[in-house]
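Peer 1: Start from chain A and add chain B according to the hints.
Protein chains in written order, with full-length UniProt numbering: chain A, 1 to 384; chain B, 1 to 384.
Be careful, since some hints might not be right.
Because identical chains share one entry, a pair is satisfied inside a single copy or across any pair of copies.
Once the Cα atoms are required to be at most 30 Å apart in a straight line, the calculated DSS-like pairs of lysine-lysine come out as [to be verified]: (1) K328 - K9; (2) K9 - K380; (3) K234 - K109; (4) K67 - K328; (5) K335 - K234; (6) K233 - K109; (7) K67 - K50; (8) K186 - K234; (9) K67 - K347; (10) K45 - K99; (11) K50 - K9; (12) K335 - K241.
Note that these hints are calculated values from the structure, not bench results.
There are 2 protein chains.
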Amino acid sequence: MNYFSSNFKLGILGGGQLGKMLLYNTRKFDVYTCVLEASNDAPCKIACDKFHLGNLMDYDEVYNFGKQVDVLTIEIENVNIDALEALEKEGIKVYPGSKTLRSIQNKAKQKLFYVDHNLPTAPFSRFAYTSEIEDALNHGGLNMPFVWKAAQFGYDGQGVKIVKSTEDLKGLPNVECIAENLVPFKNELAVIVARNASGEIATYPVVEMEFHPEANQVEYVICPARISNEVAKKAQDIALKTSEAFNHVGLLAVEMFQTQEDEILINEVAPRPHNSGHQTIEASYTSQFEQHLRAILDLPLGRTDNKVGGVMVNLVGAEGYTGNVVYKNIESIMKMDGVTPHIYGKKQTRPFRKMGHVTIVNKDLNEARRVAEQVKKSIKVISE
Amino acid sequence: MNYFSSNFKLGILGGGQLGKMLLYNTRKFDVYTCVLEASNDAPCKIACDKFHLGNLMDYDEVYNFGKQVDVLTIEIENVNIDALEALEKEGIKVYPGSKTLRSIQNKAKQKLFYVDHNLPTAPFSRFAYTSEIEDALNHGGLNMPFVWKAAQFGYDGQGVKIVKSTEDLKGLPNVECIAENLVPFKNELAVIVARNASGEIATYPVVEMEFHPEANQVEYVICPARISNEVAKKAQDIALKTSEAFNHVGLLAVEMFQTQEDEILINEVAPRPHNSGHQTIEASYTSQFEQHLRAILDLPLGRTDNKVGGVMVNLVGAEGYTGNVVYKNIESIMKMDGVTPHIYGKKQTRPFRKMGHVTIVNKDLNEARRVAEQVKKSIKVISE
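Bound-form chain A, shown alone (with noise of 0.2 Å):
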């Protein structure tokens, strides 16, 4: 297919700030772009050819907007499946394809699917309800702490929780779920990596990942990690041997616990441009947006390594504020050295909402560090 003939058509499913910044990039290699979004205020609407507006979980939305092109892909993984497997049947290339995003889309079924590979993750259980789980403590099946999470929907740290005590599991929603043991590990750790339609495959470099105590978000992502080469072999290893069991097609991001013993084990997956490929815009050779259309266009992939040291810092929303955005002292990051402010497009903040993200490259890595710092303390994302 030469999808730079003028009737080649690209549909993304979601129209979020994942879909702006890879729309940007099909800019570049000038394809035309349809985007399904149920919102109209989707920071995608001005940037794509074609915008449709319909829900991303029905099935006739989906089946219909995915007739109209001739590849489909998505950014974000809550999408009706069944729809993309009538879609691929009928010769639509669909990437990731509808089998990887059903080993995704449901945790316990992803955390399953681990276990069936022989992929290192941490022990877990795997409940109806959430109210079963009271049950499985008051018999000893299950012992405190554990991460819960919930089986579907989890987004923006919402979905998940640290129990400690009966009380942490009240107010949780009573829905499919997983008790995962607590990792005390020692580095959060992710590797993207890049498949195309022919198989061809790279990684780039393992990051660190630095979380919100409370928000469970990405406060700092760090590229590359400033770990052994020993064990960034290891998190490359393991991540190229999930992405072989996945068979996606397009970017996996896979995100991994660094153990105290230097053990590595799978925490979640996303087969889609992530948070923590941010940096990659700025510090890389080949962004992770532009990696994800070659892929899924069946180019040849670019080079992953960085031109220079990365540091993202996540933009979200302060505690206390909601209403009609404000990006506090924003002039004054920007005259800091390499740093680039991305903000999303969001009219209205609330706390820990994902507003945007910043950017901080320097050819040294700890340099980027200290100012990433600098940026986290200087900026607030607040309300008029």
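Peer 2: For chain B alone, kept in the frame of chain A given last:
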């Protein structure tokens, strides 16, 4: 002015590829954008918030468009300057300003500006009509060879011709023009100077340009230029002096000749993102497009040095092909090391039309230059 407020509007005159690349960068800052452009097929159409169809040389259309925005910029110099002047009087921030544009739009005036400001440039004569040139030659007031340049509306290699004999004068439009001494130069160089509304100034490294001998279009832009520190310093100083004289806000691309005696002569300037700065997208800490935005929005300027060496290759329509464009061998260049194509989205090709560019980056500039030659040899912009 807080441009992050949702009421802020940025207007861009012109909807071509420069505008398109500028628009992607507005997304990082979530700036609301309006574009005025005469063609409904313009690359900018889908990248802006609001597209206005209109003639850039028409007073009323430019004025009415400008009245709706807070800051107005250009991506092409050929716009109605009287309208800009009226808008300035009414408080619209126009960058570059009408005064700067008036000194640049007409090449005869531009040359006089250099003379008036004691800026080095090649000697020249000014003519109201091309037909007067033959008289001047006959009366000994002008000698061949010289460079004929139309005073207005030259673009993409049109409007410039080297005249070696009276034969070469035939077929030239009978318009206001200059005849400039042909400078036997060693190198063509360029420096982009950024200046924000508060007066903060930053200069990009000197780039070296290689022109296509027939089409008079840049074939390679090499950054940084492979010249002595002394010559680089001289070029930077003259670019800064030129920037000061024009008192512009935004970018000023200063194209220069390095003579056999290592003198620097100003060739011409452009008060906007420029072909000689495309490699900044991949090679520099701050792309020229982001820098132009920082400057006109009066934000702090970003770093202008290179992360890695960069070479840019223009993609122009091959001779002998007119019609629906095909990018032959684009997949093979994407396999090469550090290569990113930028396709502008024009559907029709014709000989020497600017259809896109390719950037090649590498820590070793000579290696980037070597790959650039491979790119040049491989890709062909042809028609179906």
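Peer 1: Work down the list of hints and note, for each, if the structure agrees.
Peer 2: Against the structure, the hints:
1. K328 - K9: between (40 Å within a copy, 20 Å between copies)
2. K9 - K380: For K9 and K380, the Cα distance is within 30 Å only across copies (23 Å; inside one copy 39 Å).
3. K234 - K109: Within one copy only: 24 Å inside a chain, 65 Å across chains, cut-off 30 Å.
4. K67 - K328: Intra 44 Å, inter 29 Å, cutoff 30 Å: inter-copy only.
5. K335 - K234: So K335 and K234 pass the 30 Å test across copies only (27 Å; inside, 38 Å).
6. K233 - K109: This pair counts as within: shortest intra-copy Cα distance 27 Å, inter-copy 63 Å.
7. K67 - K50: Both, since 14 Å and 29 Å are each at most 30 Å.
8. K186 - K234: within (15 Å within a copy, 53 Å between copies)
9. K67 - K347: between (33 Å within a copy, 25 Å between copies)
10. K45 - K99: within (29 Å within a copy, 37 Å between copies)
11. K50 - K9: both (10 Å within a copy, 23 Å between copies)
12. K335 - K241: between (42 Å within a copy, 24 Å between copies)
Hint compliance for this structure: every hint is met.
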